[in-house]
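K.L.:
Each chain, written out:
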Amino acid sequence: MGPTSNIMRHVYGWLLLTPAAILLIGFTHYPTVATVYESLFSKGSAIRPSRFIGAGNYESMMEDPIFWKVLSNNLWFAIGTIPTSVALAIGMALLVNRALPGRSLLRLAYFTPTILPMIAVANIWLFFYSPDIGLIDRLLGLFGLPGHNWLGDPDTVLPAIIVMTIWKEAGFFMIFYLAALQHLPPELKEAARLEGASRWYYFRRVVFPLLMPTTLFVLINAVLNSFKLVDHLFVLTKGGPDNASNLLLYYIYETAFSYFDTNYAATLTAVLLAILAVLALAQFFLLDKRIHYR
Amino acid sequence: MNLPAHATRNLDLADLLQTLAAWVLAILWISPLLYAFWAAFHSSEYAIHFNVFAPLTLENFREALSRAPFLRYGLNTFMLVTMLLASQLVICTLAAYAFARYRFAGSNVAFALVLVQLMVAPEILIVENYGTLASLGLVDTITGIGLPYMASAFGIFLLRQTFKSTPRELEEAARLEGCGMFGVLWRVYVPLARPTYLAYGLVSISHHWNNFLWPLVVSNSVETRPLTVGLGIFGAPESGVDWSIISSATLLSVAPLLIAFLLFQRQFIQSFMHSGIK
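Protein chains in written order, with our numbering: chain A, 1 to 294; chain B, 295 to 572.
Hints were generated in silico from the structure; no laboratory data involved.
Careful: at least some of the hints might be erroneous.
In silico SDA-like pairs for lysine to any residue, Cα to Cα no more than 25 Å straight-line [said to hold, decoys possible]:
{"id": "1", "chain 1": "A", "residue 1": "Lys43", "chain 2": "B", "residue 2": "Ser429"}
{"id": "2", "chain 1": "A", "residue 1": "Lys228", "chain 2": "B", "residue 2": "Val433"}
{"id": "3", "chain 1": "A", "residue 1": "Lys238", "chain 2": "B", "residue 2": "Tyr424"}
{"id": "4", "chain 1": "B", "residue 1": "Lys458", "chain 2": "A", "residue 2": "Lys43"}
So here's chain A without its partners, still in its complex pose (with noise of 0.2 Å):
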């Protein structure tokens, strides 16, 4: 290539790139950009008119009750649903990944929930979970157990969707482990039978430790579903009650929508994503040593 075609290297390279970097920057780097900006705003009214007035947003975030309530159930609704799925979805994977009957049907069944909508799948909990009426309570009443409104009281409204959320989520994790565990040297199931290893210590010594870069890479995915999961809520719970089910996004939505205050809901759109890039500095120093020490 020629002098002139190396300047055309650059032109044709940022030409091929603009319809996607107009859109990018306008809705991925503007906004984030905007959001922290905005942030530090106060909340205009036709009288008042929106001003700077620095931290004060995140001054009043500190003391917003329910700023911290939202956080800790996205706390609890992380701790509640990552391990449990985790750990079911190894279990799938080990499962079905030898040669058993229907072994095709099994592994469709764990994965179906996963191809379905969040939305789709709150509509079918609900009536599992509604009081008296529903699926739970009928086959509570059978053992002659009282029955109970799993939504409407706040401590059983967060395991509740923590167990639904396990299931829609487990089969997804499952495909990662499946592939992961194809990959495995056979050499290394032999050479354990042959020293006589037990297959539960095969697995937490040379199975397990093998699967950690994915499981680190799930691991990472489940905790950004965490916060980015919020479709349920509008279905189930409306946050509710009293906020016992509310989770971050959720109240950036009802903050930006209900109640119009769109500085404030940038303000918790900040910390979101503050923690989002937490996640990906993780992700990139974690995940990426891991991948490379094997």
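Please arrange chain B on chain A, whose structure you already have, making use of the hints.
P.N.:
Leaving out everything else, chain B in the frame of chain A:
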């Protein structure tokens, strides 16, 4: 005790227990969905009384369709998903080609900036993005629902990886035959990336068929509302609709994607796997 060695192994108690566990878990896992099918095809008095001889009915579907325009919602979702995938394929192909084969000034920084979208999805930024859409006059349009997702970092990333692994010799051969920049892209890179396009397409379709929060914020009328948003309004507890009807509405909304998934299971699962191995 005269069984051959392989037979005793087959009868291994641990294996048997594992198979049993796999089936119990599978039945437990699929039962909520089977239950939704049961409720949708039976009249509401059988919603909690299981009776094998209960008469099947399509009445719930008729009722759901008469109470909300699910066919229109379905058309909206179809238009959204099609338009979005078509634009994603074009925009991501061009950008990925630039990153894979044109070492232009600032390409590394630009690529890092593209990857930001993997973490900060457009629905996280609903507040600002709604403002942007309003200033463009695209609120309550299908284009508006799709626009923030048209440049997909994930698509650019996947295609860049694929394009990078295309042998340079093929490109040189095409150039000797007189292909220009777009000729090479269209005749060499795109055909060789077919599996990646399939994987990306399936992931994109299922993601946007099921997406809810952003479409909810943007759409405001029957003409733009996708299935998920229509279903969300329909199923809200305060609407007081009968359980069996909600079940059939739910099935109506998920049916196209679910049927596609059942038909092309392998491709779907492989695509999702592909999407994870970044």
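K.L.:
Which of the stated hints cannot be reconciled with the structure, identified by number in ascending sequence?
P.N.:
Result: hint 4 breaks, nothing else.
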